[in-house]
Amino acid sequence: MTRPEHERRLALQAMTRRHFLGTFSTGVGAAALATFLGAERVFAGTGTGATGTGTAGGSLGAAADPLLPRAPHFAPRAKRVIFLHMAGAPSQLELFDYKPELQRLNGQLCPESLLEGKRFAFIKGVPKMLGPQATFRRRGQSGAWISDHLPHLAEVADEITFLKAMHSDQFNHAPAQLLMHTGSPRLGRPSMGSWAVYGLGTENRNLPGFVVLLSGANQPDAGASVYGSGFLPTIYQGVQCRSEGDPVLFLSDPEGVDREERARTIEAIARINREHHAEVGDPEILTRIAQYELAFRMQMEVPDAMNLAEEPEWVHAMYGTEPGKTSFANNSLLARRLVERGVRFVNLFHWGWDSHGAGASEALNVGFLDRCRETDRAAAALIADLKQRGLLDETLVVWGGEFGRTPMLENRSGQDNPFVGRDHHNECYTMWMAGGGVKRGFTWGETDEIGYQAVSGRVHVHDLQATILHLLGFDHERLVFPFQGRNFRLTDVSGRVVREILA
Amino acid sequence: MPSRPSRRIAAAALAAVAALSLSACTSGHEVDFATEVRPILNARCLKCHGGVKRAGGVSLLFRDEALAKGESGRTPIVPGDADASELMRRILHEDPAERMPRDDDPLTAEEIDVLRRWIDQGAEWQPHWAFVAPSEAEPPETDGAWGDGGIDAFVLARLEAEGLEPSPEADCDVLARRVALDLTGLPPTPQQVGRVCEGGYEAVVDELLADPAYGERWAGMWLDLARYADSQGFEKDGPRSIWRWRDWVVTSFNDDKPFDRFTVEQLAGDLLPDATDETRLATAFHRNTMTNDEGGTDDEEYRSATVIDRVNTTWEVWQGSTFACTQCHGHPYDPFRHEEYYGVYAFFNQTADWDQTSEFPTLDSFDEGRRAEGERLVAAIADVEARMMEAVSTPAMDAEIAAWTQRLGDPAETGRVQTFWQNELLRVVGRPDSMRSGADRAFLRYVYAEIADATEPLRKERGELYRAYWPLEPVRTPVLRELPAGARRATYVFDRGNFLVRGPEVAPAVPASMPPLPGDAPRNRLGLAEWLVSDGNPLTARVLVNRFWEQLFGTGIVETVEDFGTQGLTPSHPELLDWLAIRFREHHAWSVKGLLREIVTSATYRQSSRVTPDLLERDPANRLLARGPRFRLSAEQLRDQALAVSGLLSRKMYGRPVMPPQPEGIWRNPYSGLQWVTATDENRYRRALYTFWRRTGPYPSMMAFDAPSREVCVSRRIRTNTPLQALVTLNDPAFVEAAEALAERVKRESAPASGARDLAAAVYRAALFREPSATKLDALAEVAESSPGDEGLRLVANVVLNLDEFVTKE
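Respectively, the protein sequence lines represent chains B and H.
At position 365 of the first sequence (counting the first as 1) the number is 365 in the working numbering, and the numbers step up by one without a gap.
At position 194 of the second sequence (counting the first as 1) the number is 194 in the working numbering, and the numbers step up by one without a gap.
One side of the interface only, derived from the structure: several residues of chain H facing chain B at Cβ under 7 Å:
1) Val-611
2) Pro-663
3) Pro-723
4) Asn-731
5) Leu-795
6) Asn-802
Source of the hints: derived by calculation from the structure; they are not laboratory data.
Each residue gets a CB set at the ideal place from its N, CA and C atoms; glycine is no exception.
So that you can see chain B by itself, here it is in the shape it has in the complex:
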């Protein structure tokens, strides 16, 4: 950071809420006042609850402040969610689903009976079986199998519930990621984070309620639709924050514009927009007013929340963070800082887990190991850190990909290949959850002896979503939004709460 920039940021932080409030001569209405007085106090008890009684595209005016903190259907176990999405679909067979029998079958041709009626993304003909490309140990009091690729996660095994028999309808990345986050493989549905903020509002009006952090420049395969708001008002969509450079692009005011001037301009914009809304009636204008107010507040609080340099050295050592870099580790620590400040839903996307073995970067014996190294320490640190801060009880951490991988070797070229990989597999794979009302040191679901089919405890993506909403205090069948003549919900027309894993 250059010297003037640094001074600028200090000045920005020095501008207290009270001071800012003083600059408003005419006020910009309840929403802005709430900002400076504390939304919780002003609006305590006035929430109407998220029972889906609103009308599609209807008024989001002062009567129903869309970001107001609201009580869910019943007492929540989790107030916030951190979803660590490993885009590309990590292999469960190298991480959690230990299959000695598969080792025995290594190199043998896959029995035809396993292939009948099955679809694969890339495997063709009769593939060979591929044994686990990892050594495993039982970890913690719970004795969970965790591979030696994840030595740090092994340390917190007793905090985790493993879902070993996850399954999905989709076996291509973009549709499967959409299904995971929006409940539908097609574009246009709201994402889980959007539903959460729609249902619960936000606890900190100065930050987006739903933040997205990407490790590296790459978006998930399905792009920003994975954290879009679909048919919900756009105010609920995920806001991407960058972990290097200006945390949010164009966050700084232009040279020569001070905070008071910016406050005056935002106020004037809101006044004129409200007047214009009275003239033309388009509810989108009210959303825009809210977005400008949020932008102003973000200018104050985002730099503070995103400033990893504030953290002590031991925390950096714990996560493996390097301030100023773009990394999963940095994003994990940022996620903790964001939930600490009341952000409702944080989506982290790591990428590069698509281990087909077609090249080094996507090989189980090369790139996959890098992915493990990039994520293991930080994911474990996140759990430990939330716990030591007393936040884990009410923060749900979810880890997983959009589907899993086959017990068969994928060899696309059919030739000798130094790289080892597996194809997409959506019939069983492992995800894990920690904190926020799920059992500690627990495993649910079982796969067959080669990790090809679920044997018990199957959990569909919609079941996972129903469970996450349940932990947030919602009946997933009642958190709805009317659109095109019917009520829509995250879980589409299915979903079962996995009660077996609730603490």
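Since chain B is already given, all that's left is putting chain H on it; use the hints.
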């Protein structure tokens, strides 16, 4: 779409009155396949018994399949005899293990009744509406009189049916601004606003259609469809020189090139009997596919990927179909079979490009003063290369090449060949001779020409020519070029979409559910392109008028502009869509300007966009069109408008992409030395269309306002409303600079002693072409007066550029 709970309720209700109501009221009536049967099949059956899965050997997608025996030996549907149909037996089965749909709620009594009657009535299939030619319906009679008798009659008839009334015409300043932004992407001039207010709306429309800015605005729409970018994509994402095609698009729109010709030139301009360099340039449309420049890639793999992308893009752009589904399997819902995908693939499989970083083949052009010399050198180089090929095309050489391919296992021998050819060479050589295609053999000869002793003098001669050629800084635009007759590729079905697993060989063909290619049509891209725009094609004109409609109204008549299939949304005004489609093709003879003129002069378009709470409740998304369109401007329009009202905008057209200011760190690519060099001249203020578009590092303010990254064809930008957008228009240096310039411009143009309040009003007027209301002016004046000197006015300009009414087309 019925949800499951509602189906249960329906089932309960129906059970109670089934005997009475069903038999008494509905049994005699003819079941409509499209509206009654297909929705049941799509929702409840095709997931397992459709184009993707054929569980038990049963598919209900096509009639011939549904009437064929399944693996059980039983027949799913026996026309005229529901009781003999296995389908009925299974949906009625009492054992949940036997009952269909498996592991799901049973069909409702109503659904079962529909299927039974449909089968008893003969189980006829009807094609989906979009696969049937548009109906030639006349505009309907309406009770009221409103508008032009065409578009407006359709809209009014629907409104009357819904008990609604259209809105009055928008205020003239609002209308002038709306139509100027729509047609040219730029705000109107004050004179144009004045003329609209004096009743000269139609003359202003004509003037806007004739403005060169028109072509730039509509090119913007086309570039999303064409996945245009100034970079190659993938890892290095190096620069690509394809802007001359972008300029061709601008010119084509401005010349109002008929859309059928616009289509044919882009898909097959090289194959036209009257092909010119301009029509060859048009084919760069399909060279906007990505090139993979990463080391060690299989060029055939990525060549296949580009052909697949060309098929998918062609079908999405012109047919509004999710044809891409059939790349790997039969279409789950629409009547396209897996092998039919490769019939279309075969049309695109004969071009000479093959994923080379050089972008071969290219169409070379030169700056004005260098053209003659450049063209002479291009011809001379082509002549030398022809002689090189001749030199290696003798029987003696065939033997030499055969011997050489035997030696290619030796790395030293392979190493004589340019690195980027080595993988492809080894792949071809690795294939037994009998398996090599014409293109493979031509490739071997082509590479051998580069190393043969016999060509050495010729290669030296070519080297001299190139030494003169490069300093002329040729612009090398990638284009399509058909392979010569002896070097054609065979096309195979790719099993599960995998280019390595070949199914049966296929010939170029269009899907059987579509009208056939005329018997005398060439079986190449030209034949396909002419088929797309032929009168018999049911989709093209509909899909295109819907695209233009969507640009103007914010939502298409078919909301899913990218999917007219059975899973897309049904049209809000089906008769209007058909009428407009035929009108575009016949009356306007594919003139886009004619079509747009017809739409923007309709009373429907000219309505005020104000909305009452009642109407908002009734029709929140304005699907019924009881009011005019009102939605946020596109990323391009926002930038261009800010530059225009501030007086900064450069109206310079065409040319290489430009680099206006952008934040640091956007272009961060470890594999590429490509640098963003911020323009300090006129190029700083060019229209958004000309901003350098790099796929891995797109221009941030464009992204903030929902522009796609242009990796694949995108039909529809989903509009969002976020705080990040506020930060762009408040703080992005480009918008800040525009605000400052606007303030200066107003000050310069105002009387010297003007007060802060007058100046604030002038800023508002300059941006929005009307006087601010007293309340609005109060707010602006307070801003103007609260900061010293010119700073106050700059902030006023900053406020105005951020007003909802400014960032929105009203």
